[in-house]
Amino acid sequence: CSEMTETTVTAPVFATSGAKLDTWDVVTIVLYFVFVIAVGLFAMCRANRGTISGYFLAGRTMLWFPVGASLFVSNIGSEHFIGLAGSGAAIGIATGAWEVNALILIQLLGFVFAPIYITSGVVTMPEYLSKRFGGRRLRVFMAVLSLLLYIFTKVSVNLYSGGLFIQQSLGWNIYLSMIGLILITALLTITGGLAAVIYTDTLQAVLMISGATALTVLSELVGILLKPRHFKLVTNMTFSLNSCFSRFPERCGYPLNDSFVMLREPTDPNVPWPGFIFGQTPASIWYWCADQVIVQRALAAKSLSHAQGATIFAGLLKILPLFIMVMPGLISRILYTDEVACVDPAVCYSVCQSESGCSNIAFPRLVLGVMPTGARGLMMSVMIAALMSDLDSIFNSSSTIFTIDIWKRAIRPKCSVREMMLVGRVWVLVMVGLSIAWVPVMLLLQDGQLFLTIQEISGYLSPPIAAIFLLGVFWTRCNEQGAFWGMMAGFVVGIVRMIIVFSFQSQAGNCLVPDQRPQWYHDFITKINFMYYAIIIFMTTIIVAIIVSLFTEKPSKYLLHRSTWWTRHWTSPRTDNLEEELAMTILEEKPTTESIVVEESRSKMRRAYDWFCGFSATEGTEGDIPTQEELRKITSIHQDPRAKRLLQVLLVAVISAGVYMFGYFG
Numbered sequence: 001c002s003e004m005t006e007t008t009v010t011a012p013v014f015a016t017s018g019a020k021l022d023t024w025d026v027v028t029i030v031l032y033f034v035f036v037i038a039v040g041l042f043a044m045c046r047a048n049r050g051t052i053s054g055y056f057l058a059g060r061t062m063l064w065f066p067v068g069a070s071l072f073v074s075n076i077g078s079e080h081f082i083g084l085a086g087s088g089a090a091i092g093i094a095t096g097a098w099e100v101n102a103l104i105l106i107q108l109l110g111f112v113f114a115p116i117y118i119t120s121g122v123v124t125m126p127e128y129l130s131k132r133f134g135g136r137r138l139r140v141f142m143a144v145l146s147l148l149l150y151i152f153t154k155v156s157v158n159l160y161s162g163g164l165f166i167q168q169s170l171g172w173n174i175y176l177s178m179i180g181l182i183l184i185t186a187l188l189t190i191t192g193g194l195a196a197v198i199y200t201d202t203l204q205a206v207l208m209i210s211g212a213t214a215l216t217v218l219s220e221l222v223g224i225l226l227k228p229r230h231f232k233l234v235t236n237m238t239f240s241l242n243s244c245f246s247r248f249p250e251r252c253g254y255p256l257n258d259s260f261v262m263l264r265e266p267t268d269p270n271v272p273w274p275g276f277i278f279g280q281t282p283a284s285i286w287y288w289c290a291d292q293v294i295v296q297r298a299l300a301a302k303s304l305s306h307a308q309g310a311t312i313f314a315g316l317l318k319i320l321p322l323f324i325m326v327m328p329g330l331i332s333r334i335l336y337t338d339e340v341a342c343v344d345p346a347v348c349y350s351v352c353q354s355e356s357g358c359s360n361i362a363f364p365r366l367v368l369g370v371m372p373t374g375a376r377g378l379m380m381s382v383m384i385a386a387l388m389s390d391l392d393s394i395f396n397s398s399s400t401i402f403t404i405d406i407w408k409r410a411i412r413p414k415c416s417v418r419e420m421m422l423v424g425r426v427w428v429l430v431m432v433g434l435s436i437a438w439v440p441v442m443l444l445l446q447d448g449q450l451f452l453t454i455q456e457i458s459g460y461l462s463p464p465i466a467a468i469f470l471l472g473v474f475w476t477r478c479n480e481q482g483a484f485w486g487m488m489a490g491f492v493v494g495i496v497r498m499i500i501v502f503s504f505q506s507q508a509g510n511c512l513v514p515d516q517r518p519q520w521y522h523d524f525i526t527k528i529n530f531m532y533y534a535i536i537i538f539m540t541t542i543i544v545a546i547i548v549s550l551f552t553e554k555p556s557k558y559l560l561h562r563s564t565w566w567t568r569h570w571t572s573p574r575t576d577n578l579e580e581e582l583a584m585t586i587l588e589e590k591p592t593t594e595s596i597v598v599e600e601s602r603s604k605m606r607r608a609y610d611w612f613c614g615f616s617a618t619e620g621t622e623g624d625i626p627t628q629e630e631l632r633k634i635t636s637i638h639q640d641p642r643a644k645r646l647l648q649v650l651l652v653a654v655i656s657a658g659v660y661m662f663g664y665f666g
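Residue numbers (UniProt numbering): 1 to 666.
Simulated from the structure, these hints should not be mistaken for lab results.
Be careful, since some hints might not be right.
Below, computed lysine to aspartate or glutamate pairings styled on EDC-like, alpha-carbon distance capped at 20 angstroms [to be verified]:
hint: 1; residue 1: Lys527; residue 2: Asp515
hint: 2; residue 1: Lys408; residue 2: Glu419
hint: 3; residue 1: Lys302; residue 2: Asp640
Kindly produce the complete structure, drawing on both the sequences and the hints.
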């Protein structure tokens with residue numbers, strides 16, 4: 001079959017793929033960085049960064065619009081542009097189901113979980129587990145697991161996807177590019193805290209949406225022109241494969257027949273509708289309702305009404321990714337079929353340095369080939385914005401978890417406020433070092449469909465967390481023993497499958513190499529989609545937690561105080577010492593006459609350093625601890641009746657839009 005071995009990548013006839021960024025594109029990128037740094041400095045000057053609440057929760061003063069934009073941008077990272085477009089090119093619009101599902105599930109955060117988090121007065125998700133169930137092991141385990149997940153999945157995926165775009169567009173050294181982006185992001189996070197993160201996220205949300213929308217419009221292949229053309233396009237290699245080798249699948253290299261269907265048949269290997277609804281949903285509940293990165297933004301809102309308005313706004317924004325991220329992937333496959341849809345491992349490696357496929361380059365190929373000078377720089381800025389927004393969210397949230405749940409809880413319980421501020425910033429630097437070290441590993445683990453790989457890993461690890469949070473909020477009988485052993489059982493079931501899957505990954509076949517994995521693997525692993533397995537993990541966790549809870553003592557009444565859906569309106573004070581911890585958490589440092597003297601006696605260099613890091617001149621004192629009245633105000637979920645009715649109407653409208661999209665595209 002010499003025809004096959006001599007096949008080369010042909011130049012696309014619709015657009016140019018060899019375009020690079022020119023001077024005006026670089027100018028656009030530089031202006032973007034200057035603007036972002038200016039916004040961060042503005043946040044540094046305006047925000048209160050000298051307290052736990054000020055640095056980690058933006059002082060709980062943010063309005064619904066910036067919080068909603070930050071919720072959206074914190075989710076939409078560079079891996080979404082790369083992953084959603086790549087999966088769109090490979091399997092069609094199926095991955096858009098995650099975005100529509102998020103439109104609905106994020107409302108659970110605003111209208112179910114956020115009221116509980118506010119009334120219980122928590123800052124981190126491990127802290128909620130401690131208040132709801134008591135003990136230390138759940139809190140510490142959750143904190144350590146969250147940090148490991150951030151380092152080895154979220155950060156690494158962002159670095160790979162951002163590096164892929166930079167490599168395709170600039171040809172720069174990937175390590176130097178990533179180090180520069182990480183350092184700028186860390187600088188904003190270290191100095192500005194969550195307020196700077198939310199302000200810059202708002203800017204980046206506008207930039208992402210406008211840039212991606214412009215790309216979709218400029219592609220000129222949306223709507224009625226896209227669908228019939230998509231099914232007719234196959235690579236040159238496809239014809240060679242089907243004519244030379246009878247062992248290859250008949251449709252190898254062809255677009256899927258159900259490319260424009262979102263939720264597919266129960267036996268579909270990508271997005272089976274029963275598996276997605278009942279298996280993927282628990283994983284999504286963890287992400288949208290119990291992940292520190294997302295929840296921390298909602299808790300920064302000035303009131304429950306603003307938090308709910310933010311989730312509604314973010315839900316409306318989640319309508320867009322299907323059209324401005326997934327659809328461009330299909331467009332890119334049409335324009336650059338031989339590159340984006342390559343099937344020969346040798347050809348794929350020459351195109352994108354990956355033998356498993358090049359669908360992940362769909363978005364950068366489209367940007368470089370379709371957009372004019374200047375606009376390419378804008379889209380490069382969009383990708384940088386996506387990368388930075390995800391990284392600053394992860395850095396800030398991991399800093400919060402490490403400082404409050406590990407440093408103060410397990411290492412130095414009597415540490416000062418200033419020490420906690422310093423430790424939080426130092427941990428960001430540690431995250432930077434670990435992230436940079438993980439880049440070469442991530443380059444070796446790249447796959448043809450980045451987005452589905454992320455979801456598969458999440459499907460193995462997150463259902464137990466979602467199950468315990470749901471039980472904690474809705475079932476008052478669930479105790480610490482049940483929660484801990486239920487979570488352990490779920491993680492064991494998930495980790496066993498994950499180890500098996502990735503151990504045999506190197507033996508998986510493709511269009512040129514037959515699958516070498518054993519038959520038992522196909523019987524017990526391949527035939528059971530990871531979404532169906534997520535159902536098993538979720539139910540295992542719930543069953544074990546219920547059984548253990550019923551055979552052990554009931555949780556103490558004080559543990560239920562304003563920490564469940566049924567007890568969120570309790571007005572009596574909590575009877576354990578966690579009220580004092582809440583006071584410490586939201587402590588605001590009030591300057592006294594002595595502090596003014598201390599402030600004036602410091603050198604200019606010291607004052608500049610303290611301003612840059614957000615330190616106050618003095619430490620908090622017992623007299624600074626808020627009164628019970630101030631605590632009640634901070635943990636209040638009171639809403640104006642008119643605002644509450646308006647939010648309920650908008651909630652129904654947003655959920656209806658999500659259901660309609662599932663029905664229309666399903």
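So, going through the hints one by one against the coordinates:
Under the criterion of a C-alpha separation no larger than 20 angstroms, the hint pairing lysine 527 with aspartate 515 is consistent with the structure, at around 14 angstroms. Between lysine 408 and glutamate 419 the CA atoms are separated by roughly 10 angstroms; this keeps the pair inside 20 angstroms, and the hint holds. Proposed proximity of lysine 302 and aspartate 640 is supported: the alpha carbons are some 14 angstroms apart, at most 20 angstroms.
Consistency note: the structure conflicts with none of the earlier hints.
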